[in-house]
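Assemble the whole structure, with the sequences as input and the hints as a guide.
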Amino acid sequence: MVDLVDQHVVSIQAFRAETLLQLFRLAAKFESNPDRYCRHNTPLTGKILINAFYEPSTRTRLSFDSAWHRLGGDSINITDRSTTGIAKGESLEDVAHMFNNYGDCVVLRDSNPEAVYAMSSTLRIPIINAGNGIDEHPTQAMADLYTMFKWRPSLASKEVSPKDRIRIGVIGLPSRMRTVRSLLRILSKFPQILEEVVVIHAPEMESEAPLFDPGQLEELEASGMSIRCSSDLAAEIPDLDVVYINAIAWVGDSYEVHGGGFRLTRDLPFKPEAIVLHPLARGPELSTCLDDTPHNWYFSQARGAVFVRMALLTCMVNRAERVMDVI
Amino acid sequence: MVDLVDQHVVSIQAFRAETLLQLFRLAAKFESNPDRYCRHNTPLTGKILINAFYEPSTRTRLSFDSAWHRLGGDSINITDRSTTGIAKGESLEDVAHMFNNYGDCVVLRDSNPEAVYAMSSTLRIPIINAGNGIDEHPTQAMADLYTMFKWRPSLASKEVSPKDRIRIGVIGLPSRMRTVRSLLRILSKFPQILEEVVVIHAPEMESEAPLFDPGQLEELEASGMSIRCSSDLAAEIPDLDVVYINAIAWVGDSYEVHGGGFRLTRDLPFKPEAIVLHPLARGPELSTCLDDTPHNWYFSQARGAVFVRMALLTCMVNRAERVMDVI
Amino acid sequence: MVDLVDQHVVSIQAFRAETLLQLFRLAAKFESNPDRYCRHNTPLTGKILINAFYEPSTRTRLSFDSAWHRLGGDSINITDRSTTGIAKGESLEDVAHMFNNYGDCVVLRDSNPEAVYAMSSTLRIPIINAGNGIDEHPTQAMADLYTMFKWRPSLASKEVSPKDRIRIGVIGLPSRMRTVRSLLRILSKFPQILEEVVVIHAPEMESEAPLFDPGQLEELEASGMSIRCSSDLAAEIPDLDVVYINAIAWVGDSYEVHGGGFRLTRDLPFKPEAIVLHPLARGPELSTCLDDTPHNWYFSQARGAVFVRMALLTCMVNRAERVMDVI
Chain A
1 MVDLVDQHVV SIQAFRAETL LQLFRLAAKF ESNPDRYCRH NTPLTGKILI NAFYEPSTRT
61 RLSFDSAWHR LGGDSINITD RSTTGIAKGE SLEDVAHMFN NYGDCVVLRD SNPEAVYAMS
121 STLRIPIINA GNGIDEHPTQ AMADLYTMFK WRPSLASKEV SPKDRIRIGV IGLPSRMRTV
181 RSLLRILSKF PQILEEVVVI HAPEMESEAP LFDPGQLEEL EASGMSIRCS SDLAAEIPDL
241 DVVYINAIAW VGDSYEVHGG GFRLTRDLPF KPEAIVLHPL ARGPELSTCL DDTPHNWYFS
301 QARGAVFVRM ALLTCMVNRA ERVMDVI
Chain B
1001 MVDLVDQHVV SIQAFRAETL LQLFRLAAKF ESNPDRYCRH NTPLTGKILI NAFYEPSTRT
1061 RLSFDSAWHR LGGDSINITD RSTTGIAKGE SLEDVAHMFN NYGDCVVLRD SNPEAVYAMS
1121 STLRIPIINA GNGIDEHPTQ AMADLYTMFK WRPSLASKEV SPKDRIRIGV IGLPSRMRTV
1181 RSLLRILSKF PQILEEVVVI HAPEMESEAP LFDPGQLEEL EASGMSIRCS SDLAAEIPDL
1241 DVVYINAIAW VGDSYEVHGG GFRLTRDLPF KPEAIVLHPL ARGPELSTCL DDTPHNWYFS
1301 QARGAVFVRM ALLTCMVNRA ERVMDVI
Chain C
2001 MVDLVDQHVV SIQAFRAETL LQLFRLAAKF ESNPDRYCRH NTPLTGKILI NAFYEPSTRT
2061 RLSFDSAWHR LGGDSINITD RSTTGIAKGE SLEDVAHMFN NYGDCVVLRD SNPEAVYAMS
2121 STLRIPIINA GNGIDEHPTQ AMADLYTMFK WRPSLASKEV SPKDRIRIGV IGLPSRMRTV
2181 RSLLRILSKF PQILEEVVVI HAPEMESEAP LFDPGQLEEL EASGMSIRCS SDLAAEIPDL
2241 DVVYINAIAW VGDSYEVHGG GFRLTRDLPF KPEAIVLHPL ARGPELSTCL DDTPHNWYFS
2301 QARGAVFVRM ALLTCMVNRA ERVMDVI
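Protein chains in written order, with this note's numbering: chain A, 1 to 327; chain B, 1001 to 1327; chain C, 2001 to 2327.
For the record, the hints were derived by calculation from the structure and aren't laboratory data.
Don't be surprised by glycine CBs; every beta carbon is placed ideally from N, CA and C.
Be careful, since some hints might not be right.
What the hints assert, rightly or not - With beta-carbon atoms standing in for the labels, derived distance ranges:
| # | chain 1 | residue 1 | chain 2 | residue 2 | range |
| --- | --- | --- | --- | --- | --- |
| 1 | B | 1292 | A | 118 | 54 to 64 Å |
| 2 | A | 222 | C | 2289 | 54 to 64 Å |
| 3 | B | 1017 | A | 36 | 46 to 56 Å |
To be verified - Far from chain C, some chain B residues (derived; all Cβ distances over 12 Å):
| # | residue |
| --- | --- |
| 4 | 1018 |
| 5 | 1134 |
| 6 | 1157 |
| 7 | 1166 |
| 8 | 1217 |
| 9 | 1267 |
| 10 | 1284 |
Stated by the list, open to error - Stretch-level coverage of chain A by chain C, calculated; a stretch enters the list once three of its residues show a Cβ under 8 Å from a Cβ in chain C:
| # | region |
| --- | --- |
| 11 | 44-56 |
| 12 | 69-78 |
Put into structure tokens, the structure is as follows:
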């Protein structure tokens, strides 16, 4: 995991499959021994995280802040762009110089998709993209895939037999939702686990906006991913092993709701062992009646996200050796 | 104090008198040895507090945050509802699921009185109601009573002789002020210390709003409390041992000012040993000319509130054993 | 440095030159051994800093928060006056009483210049003025002078030979800019290092506003400082050893831009060894083309500010003995 030391986490593209698997193993160790790192062995003691969340968020911000604190680190929070140097007209490069002096790692959520790229060239400390407009949300995708491996550990093997491969239904808009964009990209690094990916969209959207950005679909297919589109959720559901749904796309300082027609409820014809994933926060598209069913892996997904972030942050600030002997 | 482990602190109603007395003993230990827990013995190391303050507050938020940090814990803060999942339409139950993943304890202040109840059923970590609209503010009442016992330790005895019982004047509106509602409730658990409680209200308010909610007065009297109303502060003051005053009621996203006619100043005919309590922040109703008099126990009340919260938080997250041998 | 224990840092006026030099020595130790205090020796463990930033700031707030955390302390943040007791009409003295209960040190930035003075008389814990309207910004001036001594260590000697004295150009408005006011005051404590101070202002400003407040210039000259004004930057630059520039004055809840006519770029006729200082955030007045030149000491200035604050905070809360043996 030396790969990850001081590595910026801006896009999923930069990550090798092997590195991700090692990350997930470390996350799993954290998840099975949550207390061991909080009381006695705090690898991030003395390290400072700068949480720069210029776009509304509680879930992601708390997830990172909790992960960092569990490991003994301290954090500094900026949650309002109007109080920052940026309001005074300061350049992103100057903000990056400032962050270099104050912390060891930055987590940035900004509706301006370019900000994380502009800052990462000047930063001498690593930065994590916690969601930049419609572009990416790499750590969310890591949490999503981690959850799939937790559910079906055989998928993490070097060789996955054809009968173990999964069909994933993605109810969302790849061109507008950063969670979906990152998810498809991370899946493309593990084509051997996939039978097929089915992007399911509301019928009316075919005329409203393209499902994929130019080149997005081609890039995914070039990895060996078999990807198909459909607007008939009822027809697809009986064959889906994983049903991933998201309805919100964050665009600029506002958001769009897509896929308003779809609603996952317990009476849909799920495969008995199918799991449902949602990055949360959820709206009506994911009914609470599913919460008490075995299909509910979205709570596990949220829980695992903290441990994935703990693993990632530990490696990025080069403190992995402090946890290795405890694992 | 095993009672308190993982216990939600939503209303004072749930607390037994014996538990409260043990809590106050622990608070008193913290108050007499403030440094012992900060440098060497930090029982909340590795624990995370989620401060969710959706209603304006500095005093209460800082009080909890300070208490938690003094004991070695870390905290995550949410101070603006518009940045949370709630702004995205997320249910309180889902917010509770989220908090379960990120912290060990929640402190909530919300102008919506139902929020703390809605969340406490889903939360698997304990929650403290830090003020919910006009309903309750249980830890403030604990601090108020703790201060009275500090002033008159004989009141904490199993048996209080009639000559030691106190007459408490409460200048406020029981139906609208959460601090008063909780205070009267906590007093009702110790009827043996009370000669009488006199609720003092401005004359004009008799026509504006009922002093008590339906059933509120009856519930208090059923505990053995002798409670009387008056609108003549000047006539009551010479007989009051404790003068409690508050003028602000937080209602929805705004506040009302009550009892504008009353003003405590040093030239009122106080009993020589009478003490004045106020939950603060104060306005003109409590004159600064009282600050330098022996009647001023409101500063001690604010100071003690931190230690009461330290004691409560330590017990709630089951770390009392870490301080017991130091006491 | 016993001088500094519990000392309020409101104005530079209160500081003796010898105390400042000792402070800078401690800061230099922190700067040359940044890791030593973060991992093993955390002098501020158990101490709580109250960051009260009622005026927009990221740079200064993060600088203090980072300094405090690096030394093992915890902090509580107030960044919005509308959520504090002040919004409820609470007096500054009552806010100070509140702070006495919750922390060990206060850092205050308030557009109301009187607030820090009003609070410091009631506070029993030390307060640092992090910028109060147009009045002062003492720790910024400490950072500025620390940087000059870092660049030219001979200036810190007891005796400075005439050939080593420096000419400082200050491009700014002494009557309106708190950074300039504090800088000139701290320089006046070291008149032996100065050949001359040249205050450089845009020509049009001579009619708009007085450069100095009544008595300000006289106070500086009384210290032995030789101070001159000029509006011809091009003519002055070839003789300046230090070029200090600032364009923003924070007034009330807004700011003014001064000296819009001046712009420092690399093609100006600087002395070869001249250094440029700017408290940052910068605007067009300091061109990025200077960043890669040897004149750029403004990044070092920002970096050093954290260590100066670490040194100051450590001394103020009387934990200097915890670092002394490590130095």
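Now for the hints, and whether the structure bears them out:
Roughly 57 Å separates the CB atoms of residue 1292/B and residue 118/A, a value that falls within the hinted 54 to 64 Å. Checking the proposed 54 to 64 Å range against residue 222/A and residue 2289/C shows it is violated: the Cβ atoms sit about 42 Å from each other. Checked against the hint of 46 to 56 Å, the C-beta distance between residue 1017/B and residue 36/A comes to roughly 40 Å, which is inconsistent with it. Residue 1018/B, annotated as away from the interface, keeps every beta carbon of chain C farther than 12 Å; the closest lies near 28 Å.
Listed as outside the interface, residue 1134/B is consistent with that label: its C-beta sits roughly 16 Å from the nearest C-beta of chain C, beyond the 12 Å cut-off. No Cβ of chain C comes within 12 Å of the Cβ of residue 1157/B; the nearest lies about 28 Å off, and the non-interface call holds. With 12 Å as the threshold on Cβ separation, the claim that residue 1166/B sits away from chain C holds: the shortest Cβ distance comes to roughly 25 Å. Every Cβ of chain C is farther than 12 Å from the Cβ of residue 1217/B; the closest lies at roughly 29 Å, confirming the non-interface assignment.
With a least beta-carbon separation of about 21 Å from chain C, residue 1267/B lies farther than 12 Å from that chain, consistent with its non-interface assignment. Remark: the non-interface label on residue 1284/B conflicts with the geometry, its nearest Cβ contact in chain C lying 9 Å away (cut-off 12 Å). Counting residues of the region 44-56 of chain A whose beta carbon lies closer than 8 Å to any beta carbon of chain C gives 5, which reaches the threshold of three, so the coverage claim holds. Beta-carbon proximity to chain C at under 8 Å applies to 4 residues in the region 69-78 of chain A; the threshold of 3 is reached and the given coverage holds.
Checked against the numbered hints given earlier, the structure breaks hints 2, 3 and 10 and satisfies all the rest.
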